[in-house]
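Participant: Sequence:
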Amino acid sequence: MNPKLPYVLLVGAAVIIFILSCMLLSRGRRSPSCESQPRIVEKMGSTSQSLVFADLTPEEMVQVVRYLQGNLGVQLVDASYAKPSDNCIASVDVQVPAKAEVLRFLDGGGARPSREALAVLYFGNQPDPNVTEYVVGPLPTPAYHRDVTVQKYGGQVPYHRRPMLGSESKQVRAFLETVAFAAAPTFLKEVFEYDGTNVAFQTTAPPGFQSGDRKSWFIVFQNVSGFYVHPVGLEVLVDHSSLDISRWVVSRVFYNGQYYRDMVQLESAYVQGRISVEKVRKAPRDGDFSSLKPRAPSAALFPLQYEPQGPRYSVRNNHVLFQAWSFAFGMSVNTGLRLFDIRHKGERVAYEISVQEALSVYGSNCPGGMSTRYMDGSFGIGRYTSPLVRGVDCPYSATYIDTHSLSETLSPSKRKASLCIFEQNLGSPLRRHYSNLQSLYYGGLVNSALVVRSITTVGNYDYVWDFIFYQNGAIEGKVQATGYASSSFLHGDGLRYGNRVWEHTLGTIHTHSINYKVDLDVGGVKNSLVAHDMAFEMARAPWSPEQQIERPRLTKKVLDTEDQAAFRLQSKMPRYIYFAANNKNKWGHQRGYRIQITSFAGDHVPEASSMERAISWARYQLAVTRRKEEEPTSTSIYNQNDPWTPTVAFANFINNETITNEDLVAWITAGFLHIPHSEDIPNTVTVGNSVGFLLRPYNYYDLDPSIYSHDGVFFTSEQDFTACEINPIACLPKTASCLPNFPPFTYDGFQNM
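Using the working numbering, you'd call the opening residue of the sequence shown number -3 and step up by one each time.
Keep in mind that the hints are not guaranteed to be accurate.
[As the list claims (entries may be wrong)] Quick list of in silico lysine-lysine cross-link-like pairs, BS3-like style, CA-CA up to 30 Å:
id, residue 1, residue 2
1, Lys148, Lys185
2, Lys289, Lys275
3, Lys341, Lys474
4, Lys568, Lys553
5, Lys211, Lys79
6, Lys474, Lys552
7, Lys166, Lys412
8, Lys185, Lys275
9, Lys522, Lys568
10, Lys148, Lys522
11, Lys148, Lys79
12, Lys166, Lys410
13, Lys185, Lys166
14, Lys166, Lys79
15, Lys552, Lys580
16, Lys474, Lys624
17, Lys474, Lys410
18, Lys580, Lys568
19, Lys522, Lys624
20, Lys410, Lys95
21, Lys185, Lys341
22, Lys412, Lys474
23, Lys568, Lys624
24, Lys582, Lys522
25, Lys341, Lys580
26, Lys95, Lys730
27, Lys553, Lys582
28, Lys341, Lys410
29, Lys341, Lys624
30, Lys474, Lys95
These are calculated hints, taken from the structure and not from any lab test.
These figures come from a predicted structure and were not determined experimentally.
Model the full assembly from the supplied sequences, consistent with the hints where possible.
Facilitator: Structure representation (structure tokens):
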């Protein structure tokens, strides 16, 4: 054996190990983090000016509460445990300044408007109880307050109209458990195995049949996860109109299709064997069929989006910049997500876009279900904005923003990550064309849009609120409904009012109606409303006069009055309806923004109904009115508990005033009919339950503004489409080879409940 052979083998082995090590190291080398790439944001607009619309800071809320405590001359009880006979602060929110004042500041170099708050107070501890609204300012150091109740509503707000506080709901539940239920111990124990903890209550609204009533049906469910679909057949009508809790009484009881005077009569009938009992199988604490716990184990991870060169938008305070877009955002306690000063390419196209109300009208053969007309603004669409789960409610890498509110307490509360902003690749082209005639080329643009989102959970329903900004200058307002369907106990002719979705559960038919305020300012504050549509006309073919052609032609009409611009819910509306500016584009057309509504609304409550005027905005799929400071919202939080004498009746806004060359507002209603079905168990999906509207440029520009997007792709058959300088998509292996740096998962939705 050659003595040098072992050394040769050792050297060879070392070389092989070195080569393999290099290969493994190079294969396992981490790509750079995406956050190491520069942020790409086009600079425009002023972020400091947008603060004129900003929500109150926690510090400002605290100062307002201190001022009210020290300057009203009455004791203010913390609303979280206030009795109806107490004085308390129901809510504190920002008072947005008058539009003319804001525009002088934004556009005319005027002074910044005073920063003020709007405080809603319940005065139960006085000879004439009422609800009073105060404007408090200037912030951050308040020095004055003024009562604006009469100015806003034309009179005082009677105390019975006040939205129900959480403390009142707790007090009613305590009354049911300790007073009402004590009158029927045998029935409750033997029929429901009642132990004081195993039932849950859901209130209904409005509370009665006439002004002054405060009689609410409370539906009894099994106290399990997803209790909304576990009715037990018992419903109790409580008269809680007295400010003295000890004087509350049970007015009526319903069980399994029969009505009783009170719980005493129900107990007596049961003991005497005169009741048809329908025992409901006791559900486990997780709800069994209503549990949202996945029925399958985790498997391959779902697709994720990330930003290879960092976010292409910026968020500073309440101001957002995205490509050619800029806007301010806020969160109203009552109405939720809202936007202000929306600009495209530096020019304002809308002053305000905001949610106004979410209405649900139910049918059932049970009293609670058949009397329910929920107006969610009264409960607080913004107040019940829920913390968002990263990666499910919004993309994992979205920007998450905390919101603050002061409602039913003396101190502000923070909802972490309750608003999200993200750019989303929608997975389809915004526009494209492949040419295989004459010349060979491809041109296209990815449909990447900016989304602003919040999600509200009001009782059983979850509403996903989106405002979406597209690269062609379009804005979309969209709401998706999910959560649990409300239900009734299945008995008698229940199937006339819905579908059976479980053994004793009737998924009850109901409508959803969503109202938006859209204050468009197209090419300036003064606009007109124009309708374009089509009609077929008969014509002789010029080259062959004996032949006839049916050809579509354009129809045009200026809608000069509010009555002409109020389109009933199921009526035919012009397919192109737009706000027209007083200036024209290069081609001689009035610049405009078109309103396009997506809706599958059910029928509106008959106008003969005694409560219809309180929800009269829902008569119309679209109504355009003159903008007035004294008509800031289409409804009122006080309409829920007194719809028979509505504090705000939208129908009064429409009085045939001229709307030509005026500052105009579009009130848009979108909705859908929901007939719950077995696939709504365990809960309702968003697919197919999405409605809203689009605002689209209509001759506003001289050509599609998205042609100037940096995301465009174009190459011909004669070009090297694999070259980065020709086709940026070809460079993705290089430009998008970073690894997204996802932050750790956190969730604060169960804190400080």
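Participant: Are the hints correct? Go through all of them and say.
Facilitator: Checked hints:
no. : hint               : result
1   : Lys148 with Lys185 : 51 Å, violated
2   : Lys289 with Lys275 : 26 Å, holds
3   : Lys341 with Lys474 : 23 Å, holds
4   : Lys568 with Lys553 : 15 Å, holds
5   : Lys211 with Lys79  : 17 Å, holds
6   : Lys474 with Lys552 : 29 Å, holds
7   : Lys166 with Lys412 : 25 Å, holds
8   : Lys185 with Lys275 : 12 Å, holds
9   : Lys522 with Lys568 : 27 Å, holds
10  : Lys148 with Lys522 : 25 Å, holds
11  : Lys148 with Lys79  : 27 Å, holds
12  : Lys166 with Lys410 : 22 Å, holds
13  : Lys185 with Lys166 : 23 Å, holds
14  : Lys166 with Lys79  : 10 Å, holds
15  : Lys552 with Lys580 : 16 Å, holds
16  : Lys474 with Lys624 : 25 Å, holds
17  : Lys474 with Lys410 : 25 Å, holds
18  : Lys580 with Lys568 : 28 Å, holds
19  : Lys522 with Lys624 : 13 Å, holds
20  : Lys410 with Lys95  : 29 Å, holds
21  : Lys185 with Lys341 : 68 Å, violated
22  : Lys412 with Lys474 : 23 Å, holds
23  : Lys568 with Lys624 : 27 Å, holds
24  : Lys582 with Lys522 : 20 Å, holds
25  : Lys341 with Lys580 : 17 Å, holds
26  : Lys95 with Lys730  : 49 Å, violated
27  : Lys553 with Lys582 : 22 Å, holds
28  : Lys341 with Lys410 : 34 Å, violated
29  : Lys341 with Lys624 : 28 Å, holds
30  : Lys474 with Lys95  : 25 Å, holds
Hints 1, 21, 26, 28 from the earlier list are contradicted by this structure; the remaining hints agree with it.
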